[in-house]
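Now for the letters of each chain:
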Amino acid sequence: MNATHSSSSSGGSGIGSGPLGQGNSPTCYFVIIGTKDNPIYEAEFVSVNTARSSSGGATIPEAKKEEFRHLNQFIAHSALDMVEDLQWSTNQMYLKAIDKFNERFISAYLTAGNIKLLLLHDAKSDDAIRNFFNDCYELYIKTLLNPFYEPNSIISSSAFDTKVRASAKRYL
Amino acid sequence: MTKQYKTLGDDIWKNKVEKINAELFTLTYGSIVAQLVKDYEDFTEVNKQLEKMGYNIGTRLIEDFLARSGVGRCQDFRETAEMVSKVGFKMFLNITPAVTNISADGREFSLVLDENPLAECVELPDQALVDELWYSNILCGVLRGSLEMVQMQVDAFFVTDTLRGDDMTEIRVKLIRYLEEEVPAGED
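Chains A and B supply the protein sequences, listed in that same order.
Sequential numbering of the first sequence, starting at 117, is according to the numbering used here.
Sequential numbering of the second sequence, starting at -17, is according to the numbering used here.
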């Protein structure tokens, strides 16, 4: 689904700014990380609700985007340390923005079972992200209630994926 | 006639039955099925085991049912169907499946469950969809076991199941024959 900005690409989900800080395609990268620092679910969304002005954009060619994709995983991984530091300072599950990389923010949500929900995003309202995290948390709980789901294993259910994307569309 | 069973069922559920937490029940049944799947790895075998477990439950459950409800004999199989759905299911699971598709000779009927407390939040793994796992097959066993104790030999099986992507959950119950009281061997 395409964002309304002229700077975003028309094919697939645009990957956000890489180390060059170029391009303003509003992508969010969402990952759920298990207790052993293993990703159990990943998704990328192109958001339509960011209030960013496009600046007559350069579209990033597809090839370069593929390179930036794995960067998201690295960024998320490095943010895990911040989560582990911050978790002792507050009794809230939603940890807000905990880290910044170039122009992108990382928000985190820590569940009681030590599962981390991380979102890489551009500037966005706290409330929207909080709602999104709450929604995803409830979907995760429902997945846990499924007797055939092994906790800490990869979530492969397409129903879960559809619902997360719908929630992202609604809030992000 | 049906109304009387419905009120009876509601009354027993409200007053005479001890309740447990629904989530605990669902999670317990879920872990039974998940463990069976892990142990047997063959879904036909899992179906059979669930049915056997249900049979054992059913043979004992019928005593509980008759003691609490105090109902007498049913006149025909149709009445049995109504009794099972309005009183039996209501008493033990707090649901009332609809009785449909009664066959012309009155020896078969279908129970359509619009909600299934055993299968809340359950998603079947892909292999189970291919291989025909009936998740709530224990119910078929319970029906078979309990009706056998009241002299009816029936065959109960799932026709459709919402967990497998069908529109509704339907159990078909077929009466095979009425069992005669048999004199134990060695007494004649």
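One or more hints might be untrue.
[Said to hold, decoys possible] Straight-line Cα separation of at most 27 Å, BS3-like style, residue types lysine-lysine; simulated pairs:
| # | chain 1 | residue 1 | chain 2 | residue 2 |
| --- | --- | --- | --- | --- |
| 1 | A | Lys285 | A | Lys212 |
| 2 | B | Lys20 | A | Lys152 |
| 3 | A | Lys258 | B | Lys(-12) |
| 4 | B | Lys20 | A | Lys258 |
| 5 | A | Lys258 | A | Lys216 |
| 6 | B | Lys156 | B | Lys20 |
| 7 | B | Lys(-15) | B | Lys(-4) |
| 8 | A | Lys258 | A | Lys212 |
| 9 | A | Lys258 | A | Lys285 |
Just so you know, the hints here were simulated from the structure itself, not pulled from any lab data.
Item to check | Broken hints, by number | outcome: 3, 5, 6
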